[in-house]
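K.L.:
Each chain is listed here by its residues.
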Amino acid sequence: MFELTRYDGRRRVRGSIALSGGLSALAAMVIWVYPSFEAEVDLDQLLAAYPDPILQVMGVQTMTSLGGFLSFELYTFGWVIMLGLYLAYSTAGTIADDVDRGRMDVLLSMPLSRRRLIAERFAAMAVPIAGANLLPPVVVVVGARLIDHPLAVADVLAVHLLSIPYLFACAGIGLLASVVFDRAAIAQRVALGVTFVLFLSESLLTGTDAETIGAIAPMRYYDPNAVLLEGRYDLAGAGILVAMTLAFLVASQLWFGRTDIR
Amino acid sequence: MAAIELEGLTKDYGEVRANDGITFAVERGEVFGYLGPNGAGKTTTIRTVLGLLSPTAGTVRLLGRDVTDEAQLLEAKRRLGYLPDDPAFDETATGREILDLHASLKGDERSAALLELFDPPLDREIREYSRGNVQKLGLVTTFMHDPDLVILDEPTSGLDPLLQQRFNEFVRAEREAGLTVFFSSHILSEVRKLCDRVGIIRDGRLVTVEPVESLLNRSGKFVRLHADEPIPIRSLEVDGVHGLESNGGAGPGDGTEYVFTFTGDINALLAAIREYRLVDLSIEEAPLEDVFMRFYGGNATDAPTATEQTTAGTDRGGSGDV
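Protein chains in written order, with the working numbering: chain A, 149 to 410; chain B, 1088 to 1409.
Only chain B is shown next, with the shape it has when bound in the complex:
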């Protein structure tokens, strides 16, 4: 039995179809990333899974329970932790009062240990909390009852880099201990660090579900290269360079600054440009939007299905400029 099973989930708000026929399953013990640009419908899926929204069509099973049946949903929620994208608590309560309420309603197995990791100022009122502190308190309330499944909506927003790293380590350790994690993000690099599998949603439709490695291999890097002297275009015709652009001049090769997406072997690229004197070079994770543009076209409805996308890292030239 999967931890979360969606079958043709559709949520229609009338003017917008926020989720359109979404089908996938999150297996027990895996970390599943739900990836998509802002406004793609991630939060709608999550809130439907939690029974906060009722599906227009399709079925949702959470830990094997039908979420539209309140008695069954209640059963599932006993073993569930949830952190919303913008968690909110009573402004006038202290962190400790919030923890006490949560403990009384769902139990407390491990808040002491969690508070050492994420340490919100418990004796202060929530209204004095920074966004990061609210997020820390939210993480403690999410995990304190030792759930089997946690659903996290954009969990690292609001956390500083140090805490993000701590959070990542924590999630990896929890996964080792058998926890199932379903989390949404619009940041590819966040997903790559944690996930086993990734589902990508765009405009309310599921574009693909696949292991994170294959996605990363295809998503490529965003390379910006600044040379002292113009580099001949031939030198940059390395396997895996797409959408090469240069600044100024009539075309690629005339300028001194080059940007392109790169999906090949990074050593091959470095070897090719070794003889040129560089002013600057940056290699970054491709922005998620670019990944969509590159591989799924401008419109998610044109997207190939997951089974059609088998090979990774091969040249997909001609798919358009970045």
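Excised from the complex, chain A in its bound form:
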């Protein structure tokens, strides 16, 4: 078991290290600019200058604490949007690209069921997901100390740990796109589009009559603000994300199990 996961995982290590490094740089930069931001800009006034929808989309609640600042500058932007889209996109490339380029024939000629192939390829996405969350929390905790705005270590860890089921759910969207469309480019575009629309539907519809529509969006169940500002960890939300991920996985397996490999 997990031979394919090990193989895929190894092949994703280098990219994941780069991802971790890039996100750490982003984290360091956001923390580095915060003191001058705080000192020289009237943050409440700045906040008031933004139109409400923008604040809502970006998940801005406050800029007057490092936690609030990081929550949207780093976590909403870097994790919820960028990483979420990246994982949907990247996962969408897995199965569809194998089919597209004719590698699937060789893979499936081995004693490997279609269900297992899907599950193993998907499991390998744990490498970039974990990788992205390895170095940045260290940078955030240490950086916050260095600028004299220390953050609770538990909160920083929680905001990263809780992002893991969120990112898997985004990868699940990509996986489903990857089995439904057998052209990688199309699967990736669809995955990006769907993930982004879900993000917008969740962030824009909150507080409106159509709020319930956002219930299908993974973004609803991962809230960096709640963790960093209130120290509130949404474990039920994490559970829903795990269930979503499994639903995407099973749906992908069922679809792929009965489709013709063209």
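Bear in mind the hints are in silico, worked out from the structure with no lab data behind them.
Please note: incorrect hints may appear among the correct ones.
Not the full set, but computed from the structure, chain B residues with beta-carbon under 8 Å of chain A [unchecked claim]:
(1) L1139
(2) S1141
(3) R1148
(4) E1157
(5) K1164
(6) D1173
(7) P1174
(8) A1175
(9) F1176
(10) A1180
(11) H1189
(12) L1192
(13) K1193
(14) Y1216
(15) L1249
A quick note: this is a predicted structure, and the numbers were derived from the prediction, not measured.
Positions of the beta carbon are idealized from the N, C-alpha and C atoms, including for glycine.
Take the given structure of chain A and dock chain B to it, following the hints.
P.N.:
Relative to the frame of chain A, chain B by itself:
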């Protein structure tokens, strides 16, 4: 129990019926050639046998297992090697990484010996591989777990002549060791060197299944003859000459260049033209398309069944020009 059993296999893509009621069996220990022009439906049959496509109708059994049942298919795949017509591996992986993955999933009994025969550059990434190197790596992955049955889709495409020969010798030795081989080709000469029996497919239908000798006897040679002086037509009326054509002039015999298909005794032909001074003479394997045109007409649906075609090498004049 046959290695591969097809019973009324039909695969309908909606707009095309790629396989139409195909029935035949590949016996254990034989080398079976699946022959047909490009686009005839060979790859569709193979990919259905492997469970990559599900049949519209009919049944497929691979090593005695029903391929539409995934648990059974998995059993069969443990003892199967498969080389697609255009094998593809991860572009950014090295050959060695690919071999390691295959070894971990299906075992490795003999990759070391295979690598001496077919030696792809293992430490290079696949994207740097030539078509021939990909094919060599594919051959190693196909045979490395010592399967009971191998399915090869156009296996020698991409191999240079030296390697083709090495491949042929290898397959013959494997056959001696009891391996069953099912391979497709659109090249008759490739099939004749290796196969015990041949199945011919055209436009999605199986035209015939027969021992390779009887097919070869009937397929004939393509002869091109260039003489110094015109040769009288009578001299070329040898048993087994079909569709005689000459260049220029009003008809056969007036020109100096002659082409025809020949199914008779080659010595009789040479004896008949011995007294004429030749500029050039070529005798080639008849192109597969010509074999179809000659014996099955322009349309495979008109084809006689295998049992009706019993005699070989007799005159089948009147079947049309080449």
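K.L.:
State for each hint whether it applies.
P.N.:
Against the structure, the hints come out as follows:
no.	hint	verdict
1	L1139	holds, 4 Å
2	S1141	holds, 6 Å
3	R1148	violated, 17 Å
4	E1157	holds, 6 Å
5	K1164	holds, 5 Å
6	D1173	holds, 6 Å
7	P1174	holds, 6 Å
8	A1175	holds, 4 Å
9	F1176	holds, 6 Å
10	A1180	holds, 7 Å
11	H1189	holds, 7 Å
12	L1192	holds, 5 Å
13	K1193	holds, 5 Å
14	Y1216	violated, 14 Å
15	L1249	violated, 25 Å
The structure shown violates the earlier hints numbered 3, 14 and 15.
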